[in-house]
Amino acid sequence: MTSRRSLALILALAFVLTGCGGTSAGGTAQREVRIAAASDLKFALEELQPLLDAQHPGVVMRTTYGSSGTFLQQLSNGAPFDVFLSADLAFPQQLADAGLAPQTDVFPYAVGRLVLWTPEGSEVDPARGLGVLTDPGVRRIAIANPQHAPYGRAAVAALRSNVLYDQVQSKLVLGESVSQAAEFVQSGSADAGIVAMSLVLSDPLQDQGRWAEVPLTDFPELLQGGVVLERAQDPAAARAVRDTLLSEPGRALLRRYGFFLPDSDR
Amino acid sequence: MDWQAVVLSLRLALATTVILLVIAIPLAGWLSFTRARWTVLVEAVVALPLVLPPTVLGYYVLVSLGGNSAIGRWWEDLTGRTLAFSFTGLLIASVLYSLPFAVQPLLAAFAGVDRRLLEASSVLGRSGLATLLRVVLPLSKAGLATAAVLTFAHTVGEFGVVLMVGGNIPGQTRTISISVYDSVQSFDYATAGRTSLLLLAFSLVVLTLTYALQRGRGPQVGAAWARR
Amino acid sequence: MGPPVSAHDQGVPLLDAHVRRHVVDAHLVLPSEGGQVTALFGPSGAGKTTVLRVLAGLERTSGHVRFDGRTWDDGRTFVPSRHRRLGYLFQDAALFPHLDVDANVAYGLAGLPRPERPARVAEALVAAGATHLAGRRVPELSGGEAQRVALARALAPRPGLLLLDEPLSALDTPTRVRLRAELRRVLTAQRVPTVLVTHDRAEALALADRVVVLIDGRVHQVGSPQEVFERPADAAVAAVVGVETAVPGRVGPSHDGLTALSVAGRTLHAVHDSDLPAGTEVLVCVRAEDVALHLPDGAPQGSPRNRLPGRVTALLDEGPLVRVELDCGFALFAYVTRQSAAELALGIGHEVVAAVKSPAVHLVVRGLPEGSRAI
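Read top to bottom, the protein sequences are chains A, B and C.
Under the working numbering, think of the first position of the first sequence as 1, with each following residue one higher.
Under the working numbering, think of the first position of the second sequence as 267, with each following residue one higher.
Under the working numbering, think of the first position of the third sequence as 495, with each following residue one higher.
In short, the hints are calculated from the structure, not lab data.
Quantities reported herein were computed from a predicted structural model and do not represent experimental measurements.
Certain hints may be false.
[Said to hold, decoys possible] Chain A stretches covered by chain B per the calculated footprint, using a threshold of three residues with CB under 8 Å from any CB of chain B:
{"no.": "1", "stretch": "34 to 44"}
{"no.": "2", "stretch": "63 to 71"}
{"no.": "3", "stretch": "218 to 224"}
[Claimed, not checked] Some chain B residues judged to face chain A by a derived CB distance under 8 Å, without partners named:
{"no.": "4", "residue": "A336"}
{"no.": "5", "residue": "G338"}
{"no.": "6", "residue": "A350"}
{"no.": "7", "residue": "G433"}
{"no.": "8", "residue": "P436"}
{"no.": "9", "residue": "V450"}
{"no.": "10", "residue": "Q451"}
{"no.": "11", "residue": "S452"}
{"no.": "12", "residue": "T474"}
Heads up, the beta-carbon is just placed ideally off N, CA and C, and yes, glycines get one too.
Let's have the full structure, built from the sequences with the hints guiding it.
Right, here's the structure in full:
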């Protein structure tokens, strides 16, 4: 009967569609490395691919950016990534402790810096320091969500050490990641924000608004660490990415984006 | 324009629609024609995705399919890949999320089918399933089309569930809605704008089509004819 | 109340159903001699359709239904409709609107190998007089045509039991009358045991071999149409059927719009608008109110064409009226007022003359003579 035939056709179609589960990872020519990267690395990491091509031809990065804490959750639940570049060291360490990565593969790669940033056209001058946030003209302050973003935690720490937290707490707007916090500032939805320096140094945001660095002494060191995961489908390629990041050209790249390096002077 | 995301979204929507129709037709048939009392409970469960926040649904899906769950581990043993953060996991979540959009138009359409036609079919020797496929469905074409169209469109627009269950993996789970979100996060408003406009135009077309379908068909053929 | 049916023939009855559902508590038995048409007759709301639906398996009963040795429904077992090999005709045909006539008729033939189906469909269409409708689309059919197709659809699987739910009530009068005669012919030819539900007196008279009177969910009387309509068992039945003389007769020659009828050796004249072929079997019906009585030596003039001498065999007081039963060669009933009865000094055994106007003689066609065309 026609209805039975249509049914068979539909089922066949369904099987075909679900059978192909996304793009096949890694052709024979290209070796893909899937990276989960903290969002403050957004623009810096993009410039790593050319370096990677030079040092390890054939290795291609496929990067997803987001908040480090969220990645920790996903990785703990089996998210298919090969390398995790976090905005702190504790998260990768937790993964290693949980047996999802070899302890020896946890590596620090940068030290993050915080800035106070105000949007284009704002009268608030960040050079006056964090105290400017108590101004009545500053109604909304964007930071990353301290619950899962290391930059958010650092921002809160900075506010506390300046004894400002209680005063401005009600004005805080939490971004899902530090780049979303920056987006709030850039769009003018927030009057000011405490975000990563690497973001305000990037091309899209460079000449917008004004920013001033938050003194490193105001918050615990943002030592950013990464790890190559146990389940990496091509561990050699994954380590290639790590090596490139830690190589001289890689470090120079990070420095260009305002990062300090773990073992060098500030 | 992130064409990979567009293609992924379309694939997801198409697969969800096909699978959901296969599930929803017998389910709507049972709900419409059974005399069991507890259909209200089933109807409520089916309607849950309408009121539950997508993140809540995503959370439960993640918990049941993730690497720490029995199903997730079974799948990993079977295929070597995770169920969460994969297209398949997303497909399962989409099917659950769009379930009421498939079932409810079918229920409405089935309600318009003259019950005596079902009785006639039964007396003439057909089982319930045969009656559903040979009598009810052909007389519910408008409802079927609406269910398909709504399911498709609803799946394309998914965000919260995809975020929770999908993980934003390019090519696998980065759908068009996630792509827009990503673009904004990267301060690439131009791309975000283009993609959003595409989605907006698509949704408008879908809705227009749905209303046209409903208007064009008019009252169900079975019921109208019975009044002769 | 009222006696349950007691038409037990030798052996097991074909259908034995005790229907207890909602307001209905009725015991129905069909004898095993094949091909009988049993009418469930009664006013609306009497539960007739409920009984039919229980027989069909569309509803359950707390009693029992046994057919041809199989138990279809009792407290424990239940055989669903689709396993009962039934034919069911709905009031408004209930054809599948998305299928054409042939597909409708073939719908119940799933158990038949495919190559054999077209032949069976053609056979069913012929039986229902619907061959000219083959290939047509359902929305194009008139009410009468749809019912023919529905009948063909019900007959195609060669059912063991045929159930008709007021099959003609939804039709307009001319169609109904025409189809009634046809239906009788089809049912007689098919010889399938049939249960027919109707509230229409003429339908019951035309189609049934046996009538079961159902009032308020209870069986009040069972018998031949003649029995039930001439001799109602109780006041309730009488109220529902009306007292009528209903005797078999045969059509004779027609002349000037007047049809002669041969009834038990006597001749009656009736006015009938269409020409019935001579030899047609009919039931001749005269309402008791339409029968006037004269004394034999009274004036023979006046308009009524039918004058039937006869003898009074029974008198029954019914309030202001008296029901008089006469023997005119056949049983004839008349209602006269008490005063008139007194004036005529009516008594058992008296000779009187019954006068019946031709328009008051109603004909119900029961069978067409051999070789005649369908109406």
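Tested hints:
no.: 1; hint: 34 to 44; in the structure: holds (count 3)
no.: 2; hint: 63 to 71; in the structure: holds (count 3)
no.: 3; hint: 218 to 224; in the structure: violated (count 0)
no.: 4; hint: A336; in the structure: 13 Å, violated
no.: 5; hint: G338; in the structure: 7 Å, holds
no.: 6; hint: A350; in the structure: 6 Å, holds
no.: 7; hint: G433; in the structure: 5 Å, holds
no.: 8; hint: P436; in the structure: 6 Å, holds
no.: 9; hint: V450; in the structure: 6 Å, holds
no.: 10; hint: Q451; in the structure: 5 Å, holds
no.: 11; hint: S452; in the structure: 6 Å, holds
no.: 12; hint: T474; in the structure: 25 Å, violated
When the structure is compared with the earlier hints, violations turn up for hints 3, 4, 12 and for no others.
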